[in-house]
Amino acid sequence: MPVINFGYGDLCGLIGRSIPQDVLADRLPMIGADMHDVEDGVDAMSVEFFPDRPDLFSVEGVARAMRAFLDVSPGLPPYAVEDTGIVVDLDPRTASVRPYCLCAVVRGIEMTEELLKSMMELQEKLHITIGRKRSKLAIGIHDLAKVRAPFRYTLSEPHGTRFVPLAKTEAMDLAEILVRHEKGVAYAGLLGSFEEYPVILDADGEVLSFPPVINGALTAVTTGTRDLFIDVTGTDRKAVKGALDIVTTALAERGGTIGAVRMTGAEECMSPDLSPVERRISAAACLEFTGIRSGDRRTVTDALERMGMDAEADPDDPDAVVARYGAYRLDIMHDVDIYEDVAIGHGFERFGGDYSVVQTPGRLSADTVFAESLKDVMIGSGFTEVTTLTLSNEEEEFGISGLPEVDTVRILNPITEEHTCLRPYLMPSLMRILRHNRHRDLPQRIFEVGYVVRDGRNELRLCALATASKTSFTESKSLAESVMREMSAGYTVSPCDHPVFIPGRGAFINVDGERIGFFGEVSPQTVTAFGITHPVTVFEIDLGPMTARRSGSVF
Amino acid sequence: MEMAEILEGLSYNERRLLIALDPAGGGSSPADLIAAGRFDLEVEIMGAASWLSSKGLAVIEEEVTRYFELADRDVVASGLPERQAIGLIAANGGRMSMDMLSQSMPDGEDKIAIGWLRRKKLADIVRSAEGNLLVLTEAGNSAVDGAMPDELLLERMAAGPVEESQADPRIIADLKGRQDLIRERLVTVRSISLTSAGIEAVAAGIEAVEQVADVTDRMIQSGEWKEVEFRRYDVQTFAPTVAPAKKHPLSRLGSEIRRLFTDMGFTEMGSDYVQSAFWNLDVLFTPQDHPARDLQDTFYLESPASVELTDEALVDRVRAIHEDGGGTGSTGWGGSWSREKAEKALLRTHSTVSSIRYIAENPKAPQKAFSISRIFRNESIDSTHLPEFTQIEGIVIDENADFDMLISMIKEFFTRMGFDQVRIRPAYFPYTEPSLELEVFFNGKWMELGGAGIFRPEVVEPFGVEHPVLAWGFGFERLAMLKWGIKDIRELYISDLDVLKGNPVL
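Taken in order, these protein sequences are the chains called A and B.
Residues in the first sequence are numbered from 1 upward in steps of one, following my numbering.
Residues in the second sequence are numbered from 556 upward in steps of one, following my numbering.
Honestly, the hints are just simulated from the structure, not real lab data.
Note that the coordinates shown come from a computational prediction; the quantities given were computed from them, not determined experimentally.
The beta carbon of each residue, even a glycine, is placed where N, CA and C say it ideally should be.
Hints should not be assumed to be uniformly reliable.
Selected chain B positions facing chain A (Cβ under 10 Å, derived; list incomplete) [what the hints assert, rightly or not]:
1) GLU857
2) VAL862
3) ASP866
4) THR886
5) GLN922
6) ASN933
7) ASP953
8) LYS966
DSS-like cross-link-like pairs, simulated, lysine-lysine; straight-line CA separation at most 25 Å [claimed, not checked]:
9) LYS802(B) x LYS1042(B)
10) LYS238(A) x LYS896(B)
11) LYS133(A) x LYS168(A)
12) LYS133(A) x LYS896(B)
13) LYS1056(B) x LYS1042(B)
14) LYS1038(B) x LYS802(B)
15) LYS1056(B) x LYS1038(B)
16) LYS238(A) x LYS133(A)
17) LYS801(B) x LYS1038(B)
18) LYS470(A) x LYS1038(B)
19) LYS117(A) x LYS168(A)
20) LYS183(A) x LYS133(A)
21) LYS477(A) x LYS801(B)
22) LYS676(B) x LYS666(B)
23) LYS470(A) x LYS801(B)
24) LYS801(B) x LYS1000(B)
25) LYS183(A) x LYS168(A)
26) LYS477(A) x LYS896(B)
Please put together the full structure from these sequences, using the hints given.
Rendered as structure tokens:
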């Protein structure tokens, strides 16, 4: 989750009222945030917001939300937009590379170090989250005074444009940037297959930006900058517009005046378009969904105003509420998203009345019922239950265990060599437990009732291992047969020559002609391969045929 | 303990010993007491005496005496080396060359003899033309016929151990200096006597009746048990404990939580670990470019690489919902939905896949279902992370379900878990709206424990669900770690048998 760092004083300044720091720390989480610990007398605060609310990824956005939420100024904040007369021409050829570009101007900014840092962080967070690492959108913020309108969003051949990129002092062409500039190397993949690359140029052909890679050094914003030109390019118009709205309104919160530019060419429009989005909802449906039983339409509109929306009761429809919210609220897709804002605006702490839920019968799964009874049998037989992971590796499952190879579920992107597949047997997992306990007192008897995965399906199995300074085939047969008898399973025993066993000391358990398990004395080869120093006997069985006969009911 | 209680608890042997002891408090040796109390063995007496001592009725005094005895009895017959040498020299006329002595006393014995001759001043060494001569001194001559003091002591030792106080310590030191000649023996002499409490007890009268320790089947069957007196045992006496086989702590905690769910009317659900991205993500309205779908968060499979989607109507419905809302009243995510991405096989990343599959099968209210099951995340192992762990999840489909019921349900559930204080705050999950995170107050602080929400219409609409579906989930291992104060999550899955033994069931 993106972490927003800001100063307490700065936030109060932006809210326009001094709010005690502990009140802020208490109330911020209630709009949907994870508040990091606030230390007494320390100005620095940090808060994590959820990825669905990019409008809160800056202190300016947080201030806007808290101003409404704390009733300092509820409702939709107005942002005035002046026409600048600036034109940005969109070359239709960009459609095949990076089809959308929307721009804006913000004038009269007092660019402080604090704001510069906040803007860079906001930009970065938007790039990572809704920008999906700049693939969906990339933002450029420029010093407007350094360039001359009109601007052009167009394509250039890789060697056709040269400029000094940010953080460098020498001019490079686009192809060189992709190879030699850190950002070029990082984002070259987004442009890899194209023959021409997007650029934003001014009236004199000066380069503002080579999106989504790097801006020109020419328009770098510094503490002296007053007027900003902002471009957002990308592959998803909704995201591009959303990011532009978030950045321009955040700057407006800092006292800047938003200026509109005329986009021409591929798309004709005025940008930014900050007109609010409107959604009509039913107050009754909202109250029913949220369960605010004492509420009425006023409850709904009040709550929405606290969420920074304009909410109006429709005079012609006694149930309808018209909610208008800022275009920067990218999270609203459905009426339920408005309902959630009503619940948050109403206050989550006010929910949770008497517990009354319709009666239904409770029931454990058949696997659980079976497993619980079988565990009783195993514990009664003196075996201690262990729990192990399903993740395993083929080397231990087959290679060193000597168990017959079967198809496994193999992981495409494993992290370690230990976890490359899902286990088809339980025995290797339990052998690892014995290895871990090789310096503990003997005898050791352990078991697990757990899932293995065969043919992509979960299969419930039992495995029991016993180790002592002396073990015997008879012991393992006695256990296997006792457990089979407790499961009321008809079975036969036949010799098993898997290399996991000492030759002549292994056996299959067969039910209905199927080999469903095995038991016997583990070969010293397997024992030593697992790093165990005492003889081991094993009993492992697929419980499927037994659970299938029992439904989990009493009879 | 009161005197009456002490007397009551006296064993047969203890009683017999009390009676045998000098009633005036004088000391008796165990050997005397064997006869006096008609005991068979000294250990019976010492056993009873030490119990009486612990009860304050008798004292055991021990005196340790040091004795010396011969370690090598042959020396008495053959004589000390210097005795042999004196004999040889005297027979040779009172003088003898060292070479000659060496021939008579081989194996280096002559060297030892010469050492002692000089030390005891029995002979002088005189240089001469024939080499060094040993010449008996006056003391040497007189020793020829008379025993020396150390020889006298050895003779006494030959007759029996000599008490330390009866021997000249300088001679003892010399004898101890010779290899393997004499050895020490410590003899402990014990004396048992009554304390004043013991005297008082005996004066009050003590009866010695034979008592039975073990109850035998012969005694039960013959009726002999009616005649005997059973010995009273000291219940404080040490007895060894055993470590019984038992369920794993995770299993026990799982059973408790399962019971909690079934008590509240929930049915257990489940699903396979291997799932398609479709069921794990797409059906749950997670956009196809969501970061959770990246390789660094989810385990995708090489084999099987994909899972065939068979319900075409459902696939079309989900596609439409992702692309433009599909008539659910949602805007959808836009863009074009890829069936290929949805068919990718993965290890389920949350048990919500069990919930949605359950909802697909059981869309009609009322329903309550839960699962406690394993999920997989592409995470490196450390003290708080495992790539495979357990999630607890509950869902409710109810005609009257609403957000308020979700909160009251959560509070009820966690109160039953033993967390009296629960608080919630807004959160975000792609598949629920509203979404919330819940915290419980435990060990003096608020702790984040899980998440909850109401399934989005985009999620449940394809299955014909007509009422809000409430859902909440939380981590299982985290609870276990809290419950037992475990600091490292790995301990839960790499069981140390000693740790399991030490973990009480209740």
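Discussion item. Would the hint linking LYS1056(B) and LYS1042(B) be met if the CA-CA limit is 25 Å?
Written reply: With a Cα-Cα distance of about 18 Å, the restraint between LYS1056(B) and LYS1042(B) holds, given a limit of 25 Å.
Worksheet entry | Holds or violated: LYS1038(B) to LYS802(B), with C-alpha atoms at most 25 Å apart | holds, 16 Å
Worksheet item: Can we keep the VAL862(B) interface hint, with Cβ of chain A closer than 10 Å?
Response: holds, 8 Å
Worksheet item: Given LYS966(B) was flagged as interface, is its beta-carbon under 10 Å from a beta-carbon of chain A?
Response: holds, 5 Å
Worksheet entry | Given hint LYS133(A) paired with LYS238(A) - CA-CA distance at most 25 Å | holds, 16 Å
Practice prompt. Would you mind confirming whether the straight-line C-alpha gap from LYS183(A) to LYS168(A) stays at or under 25 Å?
Written response: The given pair, whose Cα atoms are some 11 Å apart, holds under the 25 Å limit.
Practice prompt. For the pair we were handed, LYS238(A) and LYS896(B), check the Cα-Cα distance against 25 Å.
Written response: holds, 23 Å
Item to complete: Assess, step by step, whether the Cα of LYS801(B) is no farther than 25 Å from the Cα of LYS1038(B), and give holds or violated.
Response: With a Cα-Cα distance of about 18 Å, the restraint between LYS801(B) and LYS1038(B) holds, given a limit of 25 Å.
Fill in: Restraint status (C-alpha distance of LYS183(A) to LYS133(A) at most 25 Å)
Distance ~12 Å between LYS183(A) and LYS133(A) Cα, so the pair holds.
Worksheet item: Given the hint that LYS802(B) pairs with LYS1042(B), does the C-alpha gap stay at or below 25 Å?
Response: Distance of about 21 Å is within 25 Å: holds.
Discussion item. Between the alpha carbons of LYS470(A) and LYS801(B), is the straight-line distance 25 Å or under?
Written reply: The given pair, whose Cα atoms are some 23 Å apart, holds under the 25 Å limit.
Worksheet item: Does the alpha-carbon distance linking LYS470(A) and LYS1038(B) stay inside the 25 Å limit?
Response: violated, 38 Å
In this structure, the earlier hints numbered 3, 18, 24 and 26 are contradicted, and the remaining ones agree with it.
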